[in-house]
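Heads up: the protein sequence lines correspond to chains U and V, in order. Under this note's numbering, think of the first position of the first sequence as 1, with each following residue one higher. Under this note's numbering, think of the first position of the second sequence as 237, with each following residue one higher.
In case anyone wonders, no lab produced these hints; they're calculated from the structure. There's no promise every hint is true.
A partial selection of chain U residues facing chain V, derived with a Cβ cut-off under 7 Å [unchecked claim]:
{"no.": "1", "residue": "A90"}
{"no.": "2", "residue": "A97"}
{"no.": "3", "residue": "V98"}
{"no.": "4", "residue": "A209"}
{"no.": "5", "residue": "A212"}
{"no.": "6", "residue": "E216"}
A short list of chain V residues far from chain U (calculated; beta carbon distances all over 12 Å) [unchecked claim]:
{"no.": "7", "residue": "D275"}
{"no.": "8", "residue": "E279"}
{"no.": "9", "residue": "V300"}
{"no.": "10", "residue": "V305"}
{"no.": "11", "residue": "L319"}
{"no.": "12", "residue": "P377"}
{"no.": "13", "residue": "S383"}
{"no.": "14", "residue": "Q393"}
C-beta: ideal position from N, C-alpha, C; glycine also.
Each chain, letter by letter, is given below.
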Amino acid sequence: MIAAPVLASFDGAFEFIFTPQTSNVTGGKGVGGIDQVLELALTQLEVTVMALALALVIALPAGLYFGHRGAGEFVALGLGNAGRAVPELALIALMAAVIGVGGLNLTVALAVLGIPPILTNTFVGIRQVDRASVEAARGLGMTEFEIVRKVEAPMAIQSIFTGIRTATINIVATATIAPLAGVATLGEFILGENVYGPDGVLAGAILVALLALALEFSLAGLQRVLTSKGLKLRPA
Amino acid sequence: MASPVLLAAAGQVGEGFIQERSSDTLPCQAKPSHLFCWDWASENIDRYGTPALQQLELVLISVVLGFVVAFALALLAHRRRWLRPPLLAGTGILYAIPSIAFFLLLLPLTGRSRETAIIALSAYTLQIIYRNVTVGLDNVPESAKDSARGMGMTNRQILWRVELPLATPEIIGGLRIATVSTIAIATLAVFAGAGGLGTQILGEGNLHFPTTILIAGGIVVAMAFAFDAVLLTIQYFATPWRRAVSS
Numbered sequence: 001m002i003a004a005p006v007l008a009s010f011d012g013a014f015e016f017i018f019t020p021q022t023s024n025v026t027g028g029k030g031v032g033g034i035d036q037v038l039e040l041a042l043t044q045l046e047v048t049v050m051a052l053a054l055a056l057v058i059a060l061p062a063g064l065y066f067g068h069r070g071a072g073e074f075v076a077l078g079l080g081n082a083g084r085a086v087p088e089l090a091l092i093a094l095m096a097a098v099i100g101v102g103g104l105n106l107t108v109a110l111a112v113l114g115i116p117p118i119l120t121n122t123f124v125g126i127r128q129v130d131r132a133s134v135e136a137a138r139g140l141g142m143t144e145f146e147i148v149r150k151v152e153a154p155m156a157i158q159s160i161f162t163g164i165r166t167a168t169i170n171i172v173a174t175a176t177i178a179p180l181a182g183v184a185t186l187g188e189f190i191l192g193e194n195v196y197g198p199d200g201v202l203a204g205a206i207l208v209a210l211l212a213l214a215l216e217f218s219l220a221g222l223q224r225v226l227t228s229k230g231l232k233l234r235p236a
Numbered sequence: 237m238a239s240p241v242l243l244a245a246a247g248q249v250g251e252g253f254i255q256e257r258s259s260d261t262l263p264c265q266a267k268p269s270h271l272f273c274w275d276w277a278s279e280n281i282d283r284y285g286t287p288a289l290q291q292l293e294l295v296l297i298s299v300v301l302g303f304v305v306a307f308a309l310a311l312l313a314h315r316r317r318w319l320r321p322p323l324l325a326g327t328g329i330l331y332a333i334p335s336i337a338f339f340l341l342l343l344p345l346t347g348r349s350r351e352t353a354i355i356a357l358s359a360y361t362l363q364i365i366y367r368n369v370t371v372g373l374d375n376v377p378e379s380a381k382d383s384a385r386g387m388g389m390t391n392r393q394i395l396w397r398v399e400l401p402l403a404t405p406e407i408i409g410g411l412r413i414a415t416v417s418t419i420a421i422a423t424l425a426v427f428a429g430a431g432g433l434g435t436q437i438l439g440e441g442n443l444h445f446p447t448t449i450l451i452a453g454g455i456v457v458a459m460a461f462a463f464d465a466v467l468l469t470i471q472y473f474a475t476p477w478r479r480a481v482s483s
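This is chain U alone, in the form it adopts within the complex (with noise of 0.2 Å):
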């Protein structure tokens, strides 16, 4: 039987996230259990949550107004082509050597894999709220902004939060290899494979898999409750 060795190994993994585990290198001193998996889980998600921050305020109102003037479909279409082929180890690799290791580095690495997915897809979005629509809502004496911010952004957000969904993930994962840049997330327990042993690997899969998910299942659930009533009468 296959099975049974290979949930052996995921035994192994469970009890190193609960309790602490002795490690040869540490020099006695315990090493996963419970309390450094929050301590490095609330710094995955704290990273997480600045980047993504610092690429919406970038990214959310760019896209918004070139949406909406219907500009710049070159600079937005091919921003989000060329963020898709950054090798993320590669960047955070040489923003490590160049830049220099931190917390404020990495914040501003991650943003920026968060923003071509966010510009790209609210630009889309916008353009494609139907013209009709905009034009009754300037004909009902609405400025640009009130456009912008009672019409345009509600029938696009399917579109804009696709965008935020795939940053998310994209700075989520990337935040596994934090450590290379001197900040210590979960992926610690994946990159120490030396200090954390197998297991240690392990579990820091399955807690990387599971903050993502959490992540992509908030998010989800809030992009239901942000979309207008309206809109979700039409069958999607």
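Given the structure of chain U, go ahead and fit chain V onto it with the hints provided.
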């Protein structure tokens, strides 16, 4: 299909390269002020051939596998609409799991191998391709299908001769996104022990040496742009009616 050289090199190439790197130190390597060491690059560029080929092989197999599965799922959901919510949610979960975690979670099952990398990478492409094929099929105008029905076509003929050709732009669009993303993410295949250009970035000697990071990263980006251009060209020739409209 896979060359025995690549198979043999997968997984082992990383450590050897890293050890080699730290022992030979060229003048401009020592100073951290050098962002890019041309001397070292011109002498060592042949180190990147095998990892680049490994990465290319991983990407091609993963994208083809992902495309076949996602395409089949999309066709299934096209006929049976109740399958859509669970398929979207299922592929969404696979998409959201970070690749590094996916690789490592597979290790107890498949070990450090190319298979591990390919399973995780193709699972990642499913959502992108599935969603684009579904959107493409949904966007086919009802009038086109009605005309086909009026000409006496069967449902199967309508699918293969009308709906799928008209959905080609979205399908290739999905393939472009999936291919470019997978080329970049396959850099992480080093965590699955499957080699690739990540071997030239990760490790003691490499991590603090910008030249090798820039070369490896540069090859990845160039590869991504090249594949994007090829797929864009295919799309251009596969949809002649679009050109007729736009010109």
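We went through each hint and held it up to the structure:
Evaluation of the U:A90 hint against chain V yields a held restraint, the C-beta minimum of about 3 Å falling below 7 Å. Restraint check, U:A97 versus chain V: the minimum CB separation of about 5 Å is within 7 Å; hint holds. At a threshold of 7 Å, the smallest CB-CB gap from U:V98 to chain V is about 5 Å, leaving the interface hint in force. For U:A209, the interface hint holds, the least distance from its beta-carbon to any beta-carbon of chain V being 4 Å, beneath 7 Å.
At a threshold of 7 Å, the smallest CB-CB gap from U:A212 to chain V is about 5 Å, leaving the interface hint in force. Interface hint at U:E216: satisfied, since its Cβ lies 4 Å from the closest Cβ of chain V, which is below the 7 Å cut-off. For V:D275, the condition that its CB be more than 12 Å from all CB atoms of chain U holds, with the nearest at approximately 18 Å. At the 12 Å boundary, the C-beta of V:E279 stays outside the reach of chain U, the nearest C-beta of that chain being 20 Å off.
The Cβ of V:V300 lies farther than 12 Å from every Cβ of chain U, with a closest approach of about 19 Å, so its non-interface assignment holds. The claim that V:V305 is not at the interface with chain U holds, since no C-beta of that chain comes within 12 Å of its own (minimum 20 Å). For V:L319, the non-interface assignment is confirmed: its Cβ lies about 15 Å from the closest Cβ of chain U, beyond the 12 Å cut-off. Consistency note on V:P377: stated as away from chain U, and its beta-carbon is indeed over 12 Å from all of that chain's, at 17 Å minimum.
Every beta carbon of chain U lies more than 12 Å from that of V:S383, the smallest distance being close to 24 Å; the non-interface claim holds. Taking the minimum C-beta to C-beta distance to chain U, about 27 Å, the non-interface status of V:Q393 holds against the 12 Å cut.
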